[in-house]
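A.B. asks: Please construct the entire structure, taking both the sequences and the accompanying hints into account.
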Amino acid sequence: MTTAQTAARTTGRIGENAQRPDGTLKVTGEFAYASDLWHDDMVWGVTLRSPHPHARIRRIDVTEALTVPGVSAVLTADDVPGENAFGLEHADQPVLAAEFVRYEGEPVALVAADHPETARRAAARIRVDYEVLPALTDARRALDDDAPLVHPGGNLVRHLRLRRGAERPTAPVVVSLDFEVGMQDQAFLGPESGLAVPAEDGGVDLYVATQWLHVDQRQICLALGMPPEKVRLTLAGVGGAFGGREDLSVHVHACLLALRTGRPVKMSYGREESFHGHVHRHPATMTYEFGAECDGTLVYARAHVLLDGGAYASSTAAVVGNAGTLGLGPYRFPSVAVDAYGVFTHNPPCGAMRGFGCVQAAFAHEALMDELAAAVGVDPVEIRRRNGVQEGDRNITGQVIDSAAPVAELLQRVADLPLPPALPEQPDLRDLPGAVGNTTHGEGVRRGVGYSVTYKNVGFSEGFDDYSTARVRLQVTGGEAVATVHTAAAEVGQGLVTVQQQIARTELGVEQVVVVPADTAVGSAGSTSASRQTYVTGGAVKAACEAVRTAVLQRAAIALGRPVAGLALDGDKVVGAGGEVLAGLADVLGDDAVEETVEWRHRPTHAVDPETGQGDAHVQFAFSAHRAVVDVDTELGLVKVVALDTAQDVGKAINPDAVVGQIHGGSAQGMGLALMEEVVVTDGHVRNPSFTDYLLPTVLDVPPMRVEVLEYADPHAPYGVRGVGEPPTISSGPAVAAAVRAACGKPLRRVPIRPEHITCT
Amino acid sequence: MDFLQPSSWDEALAVRAERPDALPIAGGTDVMVELNFDRRRPGALLDLTRVGELQEWSIDDGTVRLGAGVPYGRVITELGDRLPGLAMAARTVGSPQIRVRGTVGGNLGSASPAGDAHPPLLAAGAEVEVASAARGTRRIPVAEFFTGVKRNALEPDELIAAVHVRTARGPQQFCKVGTRNAMVIAVSAFALALHPDRQAVGTGIGSAAPTPRRAAEAEEFLAGELDWAGRAALPESLAQAFGERVAAAAAPIDDVRGTAAYRRHSLAVLARRAATWAWDDLRRAA
Ligand SMILES: Cc1cc2nc3c(=O)[nH]c(=O)nc-3n(C[C@H](O)[C@H](O)[C@H](O)COP(=O)(O)OP(=O)(O)OC[C@H]3O[C@@H](n4cnc5c(N)ncnc54)[C@H](O)[C@@H]3O)c2cc1C
Chain A
1 MTTAQTAART
11 TGRIGENAQR
21 PDGTLKVTGE
31 FAYASDLWHD
41 DMVWGVTLRS
51 PHPHARIRRI
61 DVTEALTVPG
71 VSAVLTADDV
81 PGENAFGLEH
91 ADQPVLAAEF
101 VRYEGEPVAL
111 VAADHPETAR
121 RAAARIRVDY
131 EVLPALTDAR
141 RALDDDAPLV
151 HPGGNLVRHL
161 RLRRGAERPT
171 APVVVSLDFE
181 VGMQDQAFLG
191 PESGLAVPAE
201 DGGVDLYVAT
211 QWLHVDQRQI
221 CLALGMPPEK
231 VRLTLAGVGG
241 AFGGREDLSV
251 HVHACLLALR
261 TGRPVKMSYG
271 REESFHGHVH
281 RHPATMTYEF
291 GAECDGTLVY
301 ARAHVLLDGG
311 AYASSTAAVV
321 GNAGTLGLGP
331 YRFPSVAVDA
341 YGVFTHNPPC
351 GAMRGFGCVQ
361 AAFAHEALMD
371 ELAAAVGVDP
381 VEIRRRNGVQ
391 EGDRNITGQV
401 IDSAAPVAEL
411 LQRVADLPLP
421 PALPEQPDLR
431 DLPGAVGNTT
441 HGEGVRRGVG
451 YSVTYKNVGF
461 SEGFDDYSTA
471 RVRLQVTGGE
481 AVATVHTAAA
491 EVGQGLVTVQ
501 QQIARTELGV
511 EQVVVVPADT
521 AVGSAGSTSA
531 SRQTYVTGGA
541 VKAACEAVRT
551 AVLQRAAIAL
561 GRPVAGLALD
571 GDKVVGAGGE
581 VLAGLADVLG
591 DDAVEETVEW
601 RHRPTHAVDP
611 ETGQGDAHVQ
621 FAFSAHRAVV
631 DVDTELGLVK
641 VVALDTAQDV
651 GKAINPDAVV
661 GQIHGGSAQG
671 MGLALMEEVV
681 VTDGHVRNPS
691 FTDYLLPTVL
701 DVPPMRVEVL
711 EYADPHAPYG
721 VRGVGEPPTI
731 SSGPAVAAAV
741 RAACGKPLRR
751 VPIRPEHITC
761 T
Chain B
1 MDFLQPSSWD
11 EALAVRAERP
21 DALPIAGGTD
31 VMVELNFDRR
41 RPGALLDLTR
51 VGELQEWSID
61 DGTVRLGAGV
71 PYGRVITELG
81 DRLPGLAMAA
91 RTVGSPQIRV
101 RGTVGGNLGS
111 ASPAGDAHPP
121 LLAAGAEVEV
131 ASAARGTRRI
141 PVAEFFTGVK
151 RNALEPDELI
161 AAVHVRTARG
171 PQQFCKVGTR
181 NAMVIAVSAF
191 ALALHPDRQA
201 VGTGIGSAAP
211 TPRRAAEAEE
221 FLAGELDWAG
231 RAALPESLAQ
241 AFGERVAAAA
251 APIDDVRGTA
261 AYRRHSLAVL
271 ARRAATWAWD
281 DLRRAA
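Chains as they are written, first to last, in full-length UniProt numbering: chain A, 1 to 761; chain B, 1 to 286.
These aren't lab readings, by the way, just hints derived from the structure by calculation. None of these values were measured; they are calculated from a predicted model. Take these hints with a grain of salt, some might be off.
Looking from chain B toward chain A, a few residues come up when the C-beta cut is under 10 Å (computed) [unchecked claim]:
1. 91
2. 92
3. 95
4. 97
5. 151
6. 175
7. 176
8. 179
9. 181
10. 185
11. 186
12. 256
13. 270
14. 273
15. 274
16. 276
Covered stretches of chain A, going by a simulated chain B footprint (3 or more residues, C-beta under 8 Å) [unchecked claim]:
17. 196-203
18. 438-447
Built from N, CA and C at the ideal position, the CB exists for glycine as well.
C.D. replies: Okay, structure coming up:
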């Protein structure tokens, strides 16, 4: 009798805290980011930008710039060979401004030179003759008859009208408020950077930090007038994204300069240019009204949401879609009237940022839920629990929520977490508002607690054909089985590379998984945004692995003379039902490689009805709740966040550590918007384009966080996963704002909350 | 751009006189930002970090002579007991990295209204020692050193040698308001020094006027009202009145960091609290 050897289970599967392949490089500073790109022959490209929010370009004189020694090219709009236009949803943004500039910082001309400093000096010698025009900088005026037009077609980007239930609902309890959200920046640590290398076939290879290679490629091709096979993109090391890399930055510019000079061209923004070089989160002006029964049960909602899209469309229409369809929060409303608008102004363009339209709305609906709680005399947790949606409910677009919607449980979880202890008699300064600034020793300090619960769509919505492509190959090389995963999905720091490895290990039972660099040699993976890559590219990788596995097992079945049904892959072996080793992979594959490419789609979504906003707009919803505890120096208006605890349903934690990391980061980012992060724009001019005055939370601002991860599998998603990245950014800010209101007793209808708002000075 | 590296003080002064286009650089935490942001393109950098004399401090007859090149980190660890106000301010500067590089001399060189070293130096009545190859050394009371927004009393051929600060004879406080809890430029700042030996009060206001400045009238008012002999508790109303006088001495503006009204308001609160803490310290010490 032979004793069957059992295969050692492959480790690093889904559900385990597998190590990131790029982790060690990143913490030791050896990881090559896009700003580290280098080519021995390269020249440097810089951008000349508009100093005006709105002006007509009468004339551009580049002669002086061309005389600077070391300069190899100076380009303007006339040098764009294809269409001088790009844009994610509408190609309305010039590659280089031609007749008009429509925001401060709009690219006007490019210079390539042998040194970045030379290029900057030359750019300073380009003479642009501007006729300054009146600028529309107040979004609330954008739709007035006498407002200056930003584009000939009018200043409306999108109006989403949503109507449901009774036309003129009434209720015994009515609460309302106006709310304003300032402009937040993604503030990724690695500014925009890329290297364009001219190729022998007359095309160009672009290495760039981005979120979606194929949508970039499409836009670059349009501007260069080249077919896709001549414009090849490879993902360079991405130092954070958060939506700010969805739109083009250096892409076309670097390619134009490379094709003109015949040299590799590197472009790399500094921090100040980065503030002008990408879209921001839309500032919002909102008016909300809720009607309820005397016990707090919601009867109706009315909401008016106005988003300042800035000078170009970018993804404003989709952000309006979210602010409208999701903008009342995860609550049951029998009757609803929502009008969400996105408008053009001469302010900096706004577009995608983590949370995408839900962030702004959440501040308003959560503040109003607290108002309602106060009006009917129940506590903030209870009012939300009472009204929270459950699985099987319809949301405000009439869509049935067909997987877990644990609103009540998430709230209960955060409410049940222990509260932080009160401040001691003689607190450490670092634990007080103002910290070592030594502004209080406890005087004026009051504690407040705030709650919030929110939800967000995962994946692209409203009928978008949202898919990803994965190519997986299994091969034995040097005696070792290696799976290779190739997608165009952008790893931007969130850990998708690890997820891809974990999925391949799970499906193929192979320890060694190589995720090759993302590029356009494989089909589109869609965008690294909308919390969608683990779901969609994860789904594609899973499907491709399954196809590879099927092929391998078929071969094994023939070789072993057994039915396929009882065979599996594990521990780099072909195993039987009991895990007993039946064959090595080398025995089955020999020198052959098995490779499969799969294009994978989630369930289709649908456009909403233009009159009523009704429809199955979204594929999945992700829920999270936060409880914030803050100490506020009520006399000085300074805030110390003491605790920021959260519960989130992630469906299935593919990599639990990475999930918690996403939740920590997202929570900090939402808190940043509540308390300090704002691009201050006055008359169309950005006044704080630096980290000196655009404040991000530091280690003394972000408290330790308790994170409760729930795993209610979504039966429609691969492994039951639910998008993780955005929800914490949405629910944390409103909880912090609520806690500050609770501490100081002021209404605080604007974020970021500034000290002078709390002190009313 | 030339990089000039004198290794002695005399050489530094000679280079300063010869190269008016040279920009002195100590820790570089202001200079490098200016260069990176392309706000300045000096013909040369005059590196002062090899001038040993600037990196030292000494104490003579109850007065610390603090070399211009001593970084904040050392002020905190080596002078916390003698110059508590300055050390408290130093603790609020930037991040640990900045405190290792940045110097008090550099803060004076930049003469920003938001420079954190300035209020405690004003409150302590410090003097800035400057020198030139041609005319030797002179001393400037720190209150006269700041001549305008980011301007100081240095002549083009002069360098800052040191700052002279009397060791604390009484409690000192420094308070700084910023919109986050670390690594922040002051929205407003206030320093207070009690000088029980002279029955005097010193103050310094930061980020609330074109230059750092004293609140002279408030100083006199508080010094006159305090019960120096009996050390009775500070009445809340007196602390309040002092705070209002400090706020009145400010001439703040609205900017991205804060409003003028908030700056005034916060100064009143800071001055009230600082006076209370300092006086309580003095009473406890008695
Ligand atoms: C991230 C960051 C955070 C910061 N936070 C703070 C803060 O919280 N509070 C604050 O006050 N400042 C802050 N600063 C500013 C800076 O650190 C301080 O002003 C510091 O004191 C400058 O010292 P330094 O030695 O680096 O000066 P440098 O940058 O070397 O020089 C500054 C100026 O002084 C001149 N100078 C230097 N030494 C002499 C000398 N001996 N004689 C004549 N002129 C001289 C230089 O020419 C230059 O004009 C911050 C800076 C950064 C980058």
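A.B. asks: All hints are to be evaluated individually against the structure, with a verdict given for each.
C.D. replies: Okay, the hints, checked on the actual structure:
1. Because the beta carbon of residue 91 of chain B sits about 5 Å from the nearest beta carbon in chain A, less than 10 Å, this interface hint is met.
2. At a threshold of 10 Å, the smallest CB-CB gap from residue 92 of chain B to chain A is about 5 Å, leaving the interface hint in force.
3. Taken as an interface hint, residue 95 of chain B checks out: its beta carbon lies about 8 Å from the nearest beta carbon of chain A, inside 10 Å.
4. Proximity of residue 97 of chain B to chain A is violated relative to the hint, the smallest CB-CB distance being about 13 Å (cut-off 10 Å).
5. Violation of the interface hint for residue 151 of chain B is found here, the shortest Cβ-Cβ separation to chain A being roughly 20 Å, above the 10 Å cut-off.
6. Residue-level restraint check for residue 175 of chain B holds (minimum Cβ-Cβ distance to chain A is 5 Å; threshold 10 Å).
7. Interface restraint check: residue 176 of chain B against chain A, minimum CB-CB distance 4 Å, threshold 10 Å, status holds.
8. Residue-level restraint check for residue 179 of chain B holds (minimum Cβ-Cβ distance to chain A is 5 Å; threshold 10 Å).
9. Among the interface hints, the one on residue 181 of chain B holds; its C-beta lies about 4 Å from the nearest C-beta in chain A, closer than the 10 Å criterion.
10. Here the hint on residue 185 of chain B is kept, as its CB sits about 6 Å from the closest CB of chain A, short of 10 Å.
11. Of the supplied interface hints, the one on residue 186 of chain B holds, with its beta-carbon coming within about 8 Å of a beta-carbon of chain A, less than 10 Å.
12. Among the interface hints, the one on residue 256 of chain B holds; its C-beta lies about 5 Å from the nearest C-beta in chain A, closer than the 10 Å criterion.
13. The criterion of a C-beta within 10 Å of any C-beta in chain A is met by residue 270 of chain B, whose closest approach is roughly 6 Å, and the hint holds.
14. Hint status for residue 273 of chain B relative to chain A: holds, with the closest Cβ pair at about 6 Å, below 10 Å.
15. With a cut of 10 Å, the hint placing residue 274 of chain B at the interface with chain A holds, because the nearest CB-to-CB distance is about 8 Å.
16. Checking residue 276 of chain B against chain A by beta carbon gives a least distance of about 8 Å; that is within 10 Å, so the hint holds.
17. With a cut-off of 8 Å between beta carbons, the segment 196-203 of chain A has 0 residues touching chain B; three or more are needed, and the interface restraint is violated.
18. As drawn, the segment 438-447 of chain A meets chain B at 6 residues by the rule of a beta-carbon pair under 8 Å; at three or more, the given contact holds.
Violation of the numbered hints given earlier is confined to hints 4, 5, 17; the remaining hints are satisfied by the structure.
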